[in-house]
Structures are given as C-alpha cells and as structure tokens.
Amino acid sequence: MRKSTLCLAVTGALSALFLAMLVHARTQERTAASRRQPSAELVKQLGLTDLCLFTEARYTRHPAMADRHAAFQDHPMALDHFPSGSLLAPPAFPSPHAPPPPAVPEHP
Amino acid sequence: MRPPLQRYRNILDFALSSLLRRKGRNLALISVYTLVVFVIASLVFFVQALKREAHELLAQAPDMVVQRMVAGRHDPVPLAQVEAIRSIRGVDGVQARLWGYYYDPVFGGNLTVLATEDPALAPDAIWIGQGVARSMRVREGDLIPLRGYDGQSTLFSIQKVLPESSELVSSDLVLMAPKDVRALFHFPEGLATDLAIQAGNPRELPTIATKIVELYPDSRPILKSEILRTYEAVFDWRGGLMVVVLGSAVLSFIIFAWDKATGLSAEERKEIGVLKSLGWESSDVLLLKFWEGTVISVTAFLSGVLLAYAHVFFFSASLFEHALKGWSVLFPRFRLIPALDGYQLTVLFFLTVLPYTAATLVPSWRAATVDPDAAMRS
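Protein chains in written order, with this note's numbering: chain B, 8 to 115; chain X, 127 to 504.
Only chain B is shown next, with the shape it has when bound in the complex (with noise of 0.2 Å):
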C-alpha cells in the first residue's frame, strides 16, 4: 500500500471523528436545557446567584455577592490566602456597558 494511501485514511478517520464530536456536541445541546432543568429549577426556587464551583472562601464561593474588594475583605493588610483568587479577575465595576449606577443623596 502507498503511504500517501495510509496517511489519506488515517487524516479522513481522524476528520470523521472531527464530525461525529461536532454531531455529538449539537445533539447534546439540543437535550440541554431538560438536563438543566434540576439545577435551573434550583435557582429559581430558592433563589440562588453563583456556581458552586470554589468553595474554600466566602469570596470565592460567591463571587458575585461578594465585596468589590473581596481579596482585602477580613481587614485591609489581608491578601489574598487561595490559589483560586488568583483565577478570579475582579468583576468589571464600573463597565462603559453597565447602567449608570444608582444616584446616592447628599446628605442635608
């Protein structure tokens, strides 16, 4: 046999397989939002706002409750303990996309 067949063969199982992973992704998207389901059910029943996906801090473990200056949170010399602070960027307040923030009165 040719290499060139060889090779031809090896390049068009490794393309089928390139497809079947595009085919695979695209029928488990369309059964995606039944096996969300529990979970979306979960946020809306009990309210829930973050992942649970870090879970040694306060900060980590609800980044979006958390302070804007969550790192220095437990007093202003506490830097960061956790490996997984250093993966979260701190979210993006003010954004030029957000909505202008809440006017605060003066006081009198």
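The set of hints was computed from the structure by calculation and includes no laboratory data.
Treat the hints with caution; some may be incorrect.
Stated by the list, open to error - Here are the simulated DSS-like cross-link-like pairs (lysine-lysine), alpha carbons at most 25 Å apart as the crow flies: (1) B/K10 - X/K396; (2) X/K149 - X/K396; (3) X/K286 - X/K305; (4) X/K305 - B/K51; (5) B/K10 - X/K149; (6) B/K51 - X/K286; (7) X/K177 - B/K51.
Since chain B is already given, all that's left is putting chain X on it; use the hints.
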C-alpha cells in the same frame, strides 16, 4: 488518476518517506504539538461550556439582590424593608433570603446553609447537596451533627440528597427550615441576609435600584446583569483561568514554532540540494515541505482537539480539577454539556496549524533558492 493529482500524491509519498526517515524526531514533534493543542482546546472547551452553564442557569437568578452595608461590610437586612421595597412601582416580588456559611471542623469544608420554606421539608430535617454527602460520607436517612453558635451540636436528619444533575449549583448546599437557620447561627428575628427582588420589566431595574438606594442609602443593589457579568469576567479571555493556562501553552507553542522556523538541519539542506540537482524546481521543494508541515500540523490539530473533547466532556476535565480545587475540601463533580463555538475552533485552527506550516515553509524557501551545489557543500 489525473496527472496533477498523481504529482501531488507522489510528492506526498516522498514527504512521508522523508518524515519516516527521521521517525523519532517527528514522533516527538507530533506528540508535543498534540499536547499543546490538547491543552489549549481543553481550556477553550471547558471555559466555553462553563460560561454557557453560568449564562443559562443564572438567567433564573433573582433580578436584583439587595444587600445592606455597614462600615463597608455586608450586614443583615431588616425585614421591615421588604414591604417598603415591594411598594415600589415595577417590583413584582421581594423574597427575604436567609443564608450563611458553616465551617465543618471535622472534614474542614465550607458549606452554604440556606433557609427554604419548601413544604416538603420535614421538621428538624435537612436537604444536602451531593458534595456535602460525599465529603461527610452520609446518605438519606442518616443523622449529622451541626455545631451551633454556642458550641452545642444539633442533630439533623438527612431527608434528601439533591440530585447529581444539579451539582453545579447545589454541591455544598445545606437546606433547612428558617427557624433552624436562626437557631443554628443565633440569627436575630426580623433580619434576613439579603433580599431577592423580581421585577416585571427588567428594563426598569436601574430605576428600581435608584429608588431603593434613595429609600435606604446604606443598601447595595446587585443587578442580575452584574451577576452574569461577574461570570463573564471570571471566564474571560483576558483574565482569570484563561490567562494562567493559556499563557503557558501559547508560550510553549511559540518557542516550539520558533525553534522550527529558525532553520533547517544540515542534512535537510543537503537533501534539498540533491533534489534540486536532480531537476526538482523550487516550487516542488516548497510543495514537499508544505506536505510535511501539513501532515504533522493537521494530525496534531485533529488528535489534540478530539482528545480535548473527550477530556472535558467525557472525563469531566479531570486534569483541571487540581487548578480549580485550590484549597477547597468540598469540590463539585459535574458533567459539562458541550458548547462548541465554530468561531473558537476556527481561531484555534488558524492559531496552531497556519503558524507551524508557515514556519516550516520559510527556511525551506530560503534553502530552495540557494544554488544546489552550494547547498550540498554546506
């Protein structure tokens, strides 16, 4: 077979023979190349799938959460604010959320304790997430002691373990009746942790937030869009997880491609000289090198992407587990739903295959334009 096609196949045959002559070196090359594509593709698939999950699941989150700030810190909210906020035009509902964190000294994990008024929850019973059940090695019907504010332990019976399919949001949850949460934490009556607000029209949320801050200047409204944006920022290209892993993978690929691009070995230059002296034209030599580069890069790209897909979606991205786990004892186990993005796959292809192929062509072109006699003598 048509002659032009036959010519391409002949050159491909020659290119493969040439690659097989340096079998060890080229196998090592394909392995490293596949590994780099695998790492980058795994990360792209993982982050994209998590972003999709965050977007889809947190779409059900409250439209706004109102916290109270005291001395710059989050503090419990008086329940008296519920009615005042409910009377604001545009507010559909206000739910006082009662929740907190519980550190379990036995297994060293942090749990999220949340009050629920679900009528299915039996008195003195709790519902726990899969992560809690796994870490504490308990199941439905077992009793677990939780240590209260006064150091006294209270026994709770596990009525239900929340389904595995919800682990991405519920792994560390302990759900109990409001009175049990108050008793456990000595949480005063008339206060809640924060308020979850539903609005009829999401476009009115900034106005509602303004009115809440006017009513209660010490409050901090967090809109759903801000919650979603937090997760966008966590899994963004520019920061967080992406930069840490992607940076090292891309850097290793650049070093690898640069090494390839800096020149050919004396043996390869001599081979090009021999081919040219046998009558090969520069274009034939370039075609030969193009095939060599394509065979390696396409094989590595396809293998790397397929392995990455299997890693992330069939083996739950087990290689990233340690990076994600950090110091946490309680770690959720979840199967991600594929969320492939054609744009990202195309970018990945152009970022990995094209630079490598170009990197093999440039030194070959320089060698192919040299006089064959000089090339063989060098």
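Take the C-alpha atoms of X/K286 and X/K305, compute the straight-line distance between them, and say whether it is at most 25 Å. holds (19 Å)
X/K149 and X/K396 were given as a pair; does the straight-line alpha-carbon distance stay at or below 25 Å? holds (18 Å)
Mind checking the alpha carbons of X/K177 and B/K51 for me, to see if they're no more than 25 Å apart? OK: X/K177 and B/K51 at ~19 Å, within 25 Å.
Straight-line Cα separation of X/K305 and B/K51 no greater than 25 Å? holds (22 Å)
Hey, B/K10 versus X/K149, does the alpha-carbon distance stay inside 25 Å? holds (14 Å)
Between B/K10 and X/K396, is the straight-line Cα distance small enough, at 25 Å or below? Judged against 25 Å, a Cα distance of about 24 Å means the pair holds.
Given the hinted pair B/K51 and X/K286, is their Cα-Cα distance within 25 Å? holds (19 Å)
In terms of the numbered hints stated before, the structure departs from none.
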